[in-house]
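J.: The residues making up each chain are set out below.
Number of protein chains: 2
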Amino acid sequence: MRTIVWDDDRDCVAMVDQTLLPAEYTTYHAETVADLVESIEVLRVRGAPALGAAGAYGVALAARRNDAASYDEFATAVRDDAERVAEARPTAVNLAREVEVVLDELDEAETIAAARDATLERAKAIADEDVARNRAIGEHGATLLEDGQTVMTHCNAGALATVDWGTALGVVYSAHEAGSSVDVIANETRPLNQGSRITTTELLEHDVETTLIPDNASGLCMQEGRVDAVVVGADRIVLDGGEAFGEQGVVFNKIGTYKHAVVADRHDVPFVVAAPTSTIDPDSTADEVEIERRDPAELREIYGSQNAPTDVDVYNPAFDATPMELVDYVVTERGVFEPPLDRAAVLGDEGQPTP
Amino acid sequence: MRTIVWDDDRDCVAMVDQTLLPAEYTTYHAETVADLVESIEVLRVRGAPALGAAGAYGVALAARRNDAASYDEFATAVRDDAERVAEARPTAVNLAREVEVVLDELDEAETIAAARDATLERAKAIADEDVARNRAIGEHGATLLEDGQTVMTHCNAGALATVDWGTALGVVYSAHEAGSSVDVIANETRPLNQGSRITTTELLEHDVETTLIPDNASGLCMQEGRVDAVVVGADRIVLDGGEAFGEQGVVFNKIGTYKHAVVADRHDVPFVVAAPTSTIDPDSTADEVEIERRDPAELREIYGSQNAPTDVDVYNPAFDATPMELVDYVVTERGVFEPPLDRAAVLGDEGQPTP
Numbered sequence: 021m022r023t024i025v026w027d028d029d030r031d032c033v034a035m036v037d038q039t040l041l042p043a044e045y046t047t048y049h050a051e052t053v054a055d056l057v058e059s060i061e062v063l064r065v066r067g068a069p070a071l072g073a074a075g076a077y078g079v080a081l082a083a084r085r086n087d088a089a090s091y092d093e094f095a096t097a098v099r100d101d102a103e104r105v106a107e108a109r110p111t112a113v114n115l116a117r118e119v120e121v122v123l124d125e126l127d128e129a130e131t132i133a134a135a136r137d138a139t140l141e142r143a144k145a146i147a148d149e150d151v152a153r154n155r156a157i158g159e160h161g162a163t164l165l166e167d168g169q170t171v172m173t174h175c176n177a178g179a180l181a182t183v184d185w186g187t188a189l190g191v192v193y194s195a196h197e198a199g200s201s202v203d204v205i206a207n208e209t210r211p212l213n214q215g216s217r218i219t220t221t222e223l224l225e226h227d228v229e230t231t232l233i234p235d236n237a238s239g240l241c242m243q244e245g246r247v248d249a250v251v252v253g254a255d256r257i258v259l260d261g262g263e264a265f266g267e268q269g270v271v272f273n274k275i276g277t278y279k280h281a282v283v284a285d286r287h288d289v290p291f292v293v294a295a296p297t298s299t300i301d302p303d304s305t306a307d308e309v310e311i312e313r314r315d316p317a318e319l320r321e322i323y324g325s326q327n328a329p330t331d332v333d334v335y336n337p338a339f340d341a342t343p344m345e346l347v348d349y350v351v352t353e354r355g356v357f358e359p360p361l362d363r364a365a366v367l368g369d370e371g372q373p374t375p
Numbered sequence: 021m022r023t024i025v026w027d028d029d030r031d032c033v034a035m036v037d038q039t040l041l042p043a044e045y046t047t048y049h050a051e052t053v054a055d056l057v058e059s060i061e062v063l064r065v066r067g068a069p070a071l072g073a074a075g076a077y078g079v080a081l082a083a084r085r086n087d088a089a090s091y092d093e094f095a096t097a098v099r100d101d102a103e104r105v106a107e108a109r110p111t112a113v114n115l116a117r118e119v120e121v122v123l124d125e126l127d128e129a130e131t132i133a134a135a136r137d138a139t140l141e142r143a144k145a146i147a148d149e150d151v152a153r154n155r156a157i158g159e160h161g162a163t164l165l166e167d168g169q170t171v172m173t174h175c176n177a178g179a180l181a182t183v184d185w186g187t188a189l190g191v192v193y194s195a196h197e198a199g200s201s202v203d204v205i206a207n208e209t210r211p212l213n214q215g216s217r218i219t220t221t222e223l224l225e226h227d228v229e230t231t232l233i234p235d236n237a238s239g240l241c242m243q244e245g246r247v248d249a250v251v252v253g254a255d256r257i258v259l260d261g262g263e264a265f266g267e268q269g270v271v272f273n274k275i276g277t278y279k280h281a282v283v284a285d286r287h288d289v290p291f292v293v294a295a296p297t298s299t300i301d302p303d304s305t306a307d308e309v310e311i312e313r314r315d316p317a318e319l320r321e322i323y324g325s326q327n328a329p330t331d332v333d334v335y336n337p338a339f340d341a342t343p344m345e346l347v348d349y350v351v352t353e354r355g356v357f358e359p360p361l362d363r364a365a366v367l368g369d370e371g372q373p374t375p
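Read top to bottom, the protein sequences are chains G and D. The opening position of the first sequence corresponds to residue 21 in this note's numbering, with each subsequent residue numbered one higher. The opening position of the second sequence corresponds to residue 21 in this note's numbering, with each subsequent residue numbered one higher.
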């Protein structure tokens, strides 16, 4: 099933409960707006594109659960609920953005019934667009791979971070769909272990031959010739590297990506970034991007067990910066691009990402 | 205190109980040979040089606990006990080697009392030699560092892997002793977390400013200019890289070392290997060295919690291979050497490591 979907039978949101991975792969039904807000807060659903769909469905859910007497009361209550959904994770841009998009339907509709239908239709369209975009990324990216090859990936840029199919892992699924059996080496991705917990789970669900490694072993794997390509997602791509990273721009992605890229470069292993055009930020330089520092507790404890002295200083950055000179291909829904990226080509005529 | 020492008051072996780190830093007394064997088996004491001392003290402990009627009976019983100690961890070369060295004292001695004294004296000398060797490594290595610099290290090549002082961390301690305040960035060192559990603990015990990072962040740290040198230990240094690694030889060390070296090379951060001459294997080529593959459970679970699907394939190599061309300095008790290493210079006139 999709990571997040509208369940027509139960008239509510259904999602893979990612808090139970890797032990259980089960579906959670968010029957109320409160259920959905909690699901976002506890990371039952995560990943920017999946959160966008969660926000969109959240507005539809609010509309369908509301029993106000007048349209004005209805619209006010739905907007209040939608705000709670949008604020469930404040830094997730997609979440707030898609909430706003679906809320626009309230201005168009004239009856509660019409608004309920329109918001749900719009939310479903947003989810479908995400899948279509990922399918396109996958199909373009799959042209870079051959039958029998092994792809290394980092973190989870898979179906479970999106509505379905994924970006980096979508490339693998599309390769399989096109008849190329491609295996995957998944890095554990410390400190939050998205690789071991989430990526391996979804790859096994998709019947992809998968090998889990500690992040420390990616270099040896390339040294030993086990890797034909590294394919990762991106959190943000800037086209101007600024003073620190040069003219070709920078890919910001999960911490550890940069090391894989440096070692891949040494071993002439192609390094591929698969991400939607919406990830491209054409207006910032790399110097302007602040890298989030996360909680020291993520290193001091693992799954509640003590992993370090409780008073040791910890530096726990969430992302790192891979200069575009180390990237061989950037794959978006628009095609495959070889850096240095031509702004007009990669973003289209308007030079701006798709909304 | 030393990692492992003879407690004269209690006439037994005393050691830092490393199974309790990082939660507790306490001393365990091995009163009997059985206590010592169990301590080695459960990794209460670990690290090749510390295990060498454990083996040496084990023979003395056997001699002092034995109450045989005749010298022959005594010697036979001590040899039996010594064999149990030597076999407590079969792959630890130092353990068996130092047991043999101390057992030689049984041939020399003529009375039980004399054998008890001679084995203990020899064991103490072996432990002292390890400390002296590490002190020499530290003093040579400290000449490479300046006051106010920050050293990055990997795994635990510290006091707790040796009798005292350590190799890579000994360089830091010697720098401090010489008046240079040097800070340390410690990599977590997945999958066994020696960096977060052991290295940070002993650095804080030595009042060294310490920052723990996930292995994935070492690249960003160098990118951000936080690292003045990388200093690591070595499990084995071969002088002939063979076909895979070229003429300059290879450093085998904890998995992840190679990635740090590749990134350090990119950022012109000096990469230093600190290890005793006994680590140098002049007779093998890198191709002949087999890299130990460890238990998949180390990735599938962390501290007993599930970290991955139970049926996912795992590749869990213990070591990787850093070509000597990425190493700027090799520091031994004989001095500081810049690769390519001159065999005669690094090993001495005989071209063989010290026994």
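Hints were generated in silico from the structure; no laboratory data involved. One thing to keep in mind: the hints can contain errors.
[Stated by the list, open to error] Output of the computed footprint for chain G on chain D, the stretches with three or more beta carbons under 8 Å from beta carbons of chain G:
(1) 77-87
(2) 199-211
(3) 279-292
(4) 355-362
[To be verified] DEER-style ranges, computed between Cβ atoms:
(5) G/S325 / D/D124: 42 to 50 Å
(6) G/E308 / D/S304: 37 to 45 Å
(7) G/E345 / D/E58: 53 to 61 Å
[Said to hold, decoys possible] Not close to chain G: a few residues of chain D, all C-beta gaps over 10 Å, as computed:
(8) Y91
(9) V113
(10) R142
(11) D148
This structure is a prediction, so every number in the text was calculated from the model and none was measured. Ideal placement from N, C-alpha and C gives every residue a C-beta, glycine not left out.
J.: Beyond 10 Å from chain G, beta-carbon-wise, is D/V113?
T.: holds (23 Å)
J.: So is D/R142 really clear of chain G, every C-beta pair being over 10 Å apart?
T.: D/R142 clear of chain G: closest Cβ-Cβ about 36 Å, beyond 10 Å.
J.: Please verify the coverage claim for the stretch 279-292 of chain D: does it have three or more residues whose C-beta sits within 8 Å of some C-beta in chain G?
T.: holds (count 4)
J.: Just double-check D/Y91 for me: nearest Cβ-Cβ distance to chain G has to come out over 10 Å.
T.: At about 49 Å from chain G, D/Y91 clears the 10 Å cut-off, so the statement holds.
J.: Do the Cβ positions of G/E345 and D/E58 conform to the proposed distance bound of 53 to 61 Å?
T.: holds (54 Å)
J.: Three or more residues of the stretch 77-87 of chain D near chain G by CB distance under 8 Å?
T.: Violated: only 0 residues of the stretch 77-87 of chain D have a Cβ under 8 Å from chain G.
J.: Just want to verify: D/D148 was marked as not at the interface with chain G; is every Cβ pair farther apart than 10 Å?
T.: The claim holds: D/D148 sits with its nearest Cβ about 29 Å from chain G, beyond 10 Å.
J.: If I claimed the Cβ atoms of G/E308 and D/S304 lie 37 to 45 Å apart, would that claim hold in this structure?
T.: Between G/E308 and D/S304, where Cβ atoms are some 51 Å apart, the hint is violated.
J.: Counting residues of the stretch 199-211 of chain D whose CB is closer than 8 Å to a CB in chain G, do you get three or more?
T.: Holds, because 5 residues of the stretch 199-211 of chain D bring their Cβ atoms closer than 8 Å to Cβ atoms of chain G.
J.: Checking C-beta pairs, does the stretch 355-362 of chain D have three or more residues closer than 8 Å to chain G?
T.: This one is violated; 0 residues, fewer than the three required, reach chain G with a Cβ under 8 Å.
J.: Lying within 42 to 50 Å: is that true of the beta-carbon distance G/S325 to D/D124?
T.: holds (44 Å)
Checked against the numbered hints given earlier, the structure breaks hints 1, 4 and 6 and satisfies all the rest.
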